[in-house]
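These are the residues of each chain, in order.
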Amino acid sequence: MLDPEACILVVEDDGEMRQLVARLLREAGFRPVPLRDGREMFGWLDKAAAPPDLVVLDVMLPGASGFDICRRLRARGGLPIIMLTARGDEMDRVLGLEMGADDYVAKPFAPREFIARVRAVLRRAGGDPAAASAAARRLHFAGWVLDVKARELLSPDGAVVDLSGGEFDLLLAFLEYPQRVLSRDQLLEVARGRVAIEGAERTVDVQVSRLRRKLEPDESSPAIIKTVRGAGYIFVPEVARG
Amino acid sequence: MRLLRLDSLAGRTVWLLVGSLTLVQAVSMVTHERAFHAMEEGGMPDRLADRVLAAAAVAAHSLPPRRAEAVAALSLPRLSLSWQAEAPAAPVGPGDALAGRVGRLGSDAVALGDPAEGRGALPVPGAGWVVFSARAPGPHGFPGDPAEWLSLLAMALGTFLVALPVVAWMTGPLQRLAAAADRIGRDPREIPLTTEGPIEVRQAARAFNAMQARILRLIEDRTEALAALSHDLRTPLARLRIRASFLPEGEDRARMEAGLEELEAMVDSVLAFFREGRDAEAAVPTDLVALLQTLADEAADAGQDVAFDGPARLVLPLRRVAARRALRNLLGNALLHGAEPVRLSLRREAGMAVVEIADAGPGIPPADRARALQPFVRLDGARGGAGTGLGLATAQRFADAAQGTLELDAAPGGGLLVRLRLPMAG
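Here the protein sequences come in this chain order: A and B. Counting from 1, position 165 in the first sequence corresponds to residue 165 in my numbering; the numbering is continuous, with no gaps. Counting from 1, position 219 in the second sequence corresponds to residue 219 in my numbering; the numbering is continuous, with no gaps.
Be careful, since some hints might not be right.
What the hints assert, rightly or not - Derived Cβ-Cβ restraints for the label pairs, each shown as a range:
no., chain 1, residue 1, chain 2, residue 2, range
1, A, Pro178, B, Leu247, 17 to 23 Å
2, A, Ala50, B, Ala312, 52 to 58 Å
3, B, Arg371, A, Val181, 30 to 36 Å
4, B, Ala300, A, Ala142, 25 to 31 Å
5, A, Ser221, B, Asp252, 49 to 55 Å
Stated by the list, open to error - Non-contacting residues of chain A with respect to chain B, defined by C-beta distances greater than 12 Å in every case (computed):
no., residue
6, Arg31
7, Ala48
8, Arg76
9, Ala240
Unchecked claim - Facing chain B, according to a computed beta carbon distance under 8 Å, are these residues of chain A, among others:
no., residue
10, Met17
11, Leu20
12, Asp218
13, Pro222
Hints are computed from structural coordinates only; laboratory data are not their basis. Just so you know, even glycine gets a beta-carbon here, dropped at the ideal spot from N, CA and C.
From just these sequences and the hints, can you work out the full model?
Next comes the structure, spelled out in structure tokens:
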């Protein structure tokens, strides 16, 4: 389902960095096109026979900034975009997601994580039904709201509830298949499609109990996740998108 | 209350006003009283002499049985009069000896006993003797009239009540100046003082504002330079990070990647320190329990003995990214410089959320605690401790920006206990 030769534009002004990212992508089996800035990129897009599968876009670019380019790309159609920014600039991250970027990677990044994120965005864009549902910006259930792109969970009374990477992936897996019994293996498989759970050798049960503690803090809280003895778990509430 | 403390400017001014006005009033009261007294005392002997002579005349004209009564009735507070039929038996001196006390009574008058006692007798022709005793004028000390003292007290109280608000108004700007000076360096924002109050205070406020602007610009410049340097370090770091991944798997590569990660963490901590309180992140209602739980779980997953204990939920307004960074720093410190087990706890106390992070390490002696909160100070630096020495300083800045506090204490087991208090209402 994943095009092994996916074409990825790398728009980055720093020459060495551009070559390194391109090489990283090539070694991971993609077909990178290194480009210096927005002008070069739009020039390439105008001449290209087929649109690329993904654009990796640096925020700090000479001339038009990454945000501007991101907005103009969005106006042209549904090209998936990953933004590269300096780490720790929370405002950049929020702004980037607002502008319609699909993901955000902070420099310096761990190469393995970067490749995993590229794969995840491609999978979502490639029409994987499960992954595509995660492309919805917001998911609602039982008064809760999960902002998928900002990776932010809001409780019914509007408080932000912090989730670990694993908990977020697990919750997303539940939200993709609500009101269905999911075995531990199925949950692991769906959640593994995402990035954060990678390498985390912890049982699904531990993650579920942690997630449950946050979703059902009190005895009086309504049940969100129920254990189905001998089968797995079921996510009880209905899920709405948008 | 500040206005009543003797060691405060306001207190001193109030007491000075009340004290000096009361003193002036009391002195003038006494002086007035003395002058009045002297005036009255001047004519006193002649008036008493008239009285004694009048008593003698009354005795002469009264019927014998009523003489004693009639004479005694003429007594004054300072002059007792009595009548007797026989001549006095006590030693007799010339009546002139008493002139200072009762004026002149004529040559017939005699003094009885010591003239200083003021006793004497005047013969009444054919009608016995009038015996008199004139007391010396009383010492004219403090006025004895309670009404006067009451008026003095009322004046003092009135001065006090008027002085309080006036002095408070006059010294208020000074207090604001002190409060603003205290915030410099803690609150990165500029807090201009309003220039009001007396001229001197206005001048001080203007000078303070100018100084504040200079200091902030200085800090700003230095911060910008350091932040820019740290920021620029990221580009070569990012390249190295990717380049390292092209090396063959092995110990060299693993070590290089670990070293790069450490460098990144240091650059991050420097940037976090300088940006704390400066970024535009807004405080949003956040479940602090979930935040702490996640941190504890992550550490536990990494094989560290970290556990969290607290209520099921505690929502308060927080700058979430900054809060997570500060708490992660504190937990990281406890694991790096302290020892496991590390315990996180959360409770509510008097409108504050109180987070405590206790480790089982050697702790920090009370004398070193203030220094430990300073940026770039590593207490175990001499022993090759890791880190930039910014963890506690960044957390302190976060606490300040959130109107909370950060304090270091001793954990029950002797390790370090870091206590972060955050207001429940932003």
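Going through the hints against the structure:
1. In this structure the supplied range 17 to 23 Å is violated for proline 178 of chain A paired with leucine 247 of chain B, their Cβ-Cβ distance being about 45 Å.
2. Taken as a hint, the range 52 to 58 Å holds for the pair alanine 50 of chain A and alanine 312 of chain B, whose Cβ atoms sit roughly 54 Å apart.
3. Our hint of 30 to 36 Å for arginine 371 of chain B and valine 181 of chain A is violated, since their Cβ atoms are close to 58 Å apart.
4. Here the CB-CB span from alanine 300 of chain B to alanine 142 of chain A is close to 28 Å, well matched to the stated 25 to 31 Å.
5. Taking 49 to 55 Å as the suggested C-beta distance range, the pair serine 221 of chain A and aspartate 252 of chain B conforms, at roughly 51 Å.
6. Distance check on arginine 31 of chain A: its Cβ is at least 18 Å (rounded) from any Cβ of chain B, clearing the 12 Å threshold; non-interface status holds.
7. Annotated as non-interface, alanine 48 of chain A keeps its C-beta farther than 12 Å from every C-beta of chain B; the closest such distance is 26 Å.
8. With a minimum CB-CB distance of about 29 Å to chain B, arginine 76 of chain A clears the 12 Å threshold, and the non-interface call stands.
9. For alanine 240 of chain A, the shortest C-beta to C-beta distance to chain B comes to about 22 Å, beyond the 12 Å cut-off, and the non-interface label holds.
10. With 8 Å as the threshold, the beta carbon of methionine 17 of chain A comes within range of chain B, its nearest partner Cβ sitting at about 6 Å, so the hint holds.
11. The restraint placing leucine 20 of chain A at the interface with chain B holds, with a minimum CB-CB distance near 4 Å, inside the 8 Å limit.
12. The beta carbon of aspartate 218 of chain A comes within 5 Å of a beta carbon in chain B, closer than 8 Å, and the hint placing it at the interface holds.
13. Below 8 Å, beta-carbon pairs count as interface contacts, and proline 222 of chain A has none with chain B, the closest being about 14 Å; its hint is therefore violated.
In summary, the structure is inconsistent with hints 1, 3, 13 from the numbered list given earlier, while agreeing with the others.
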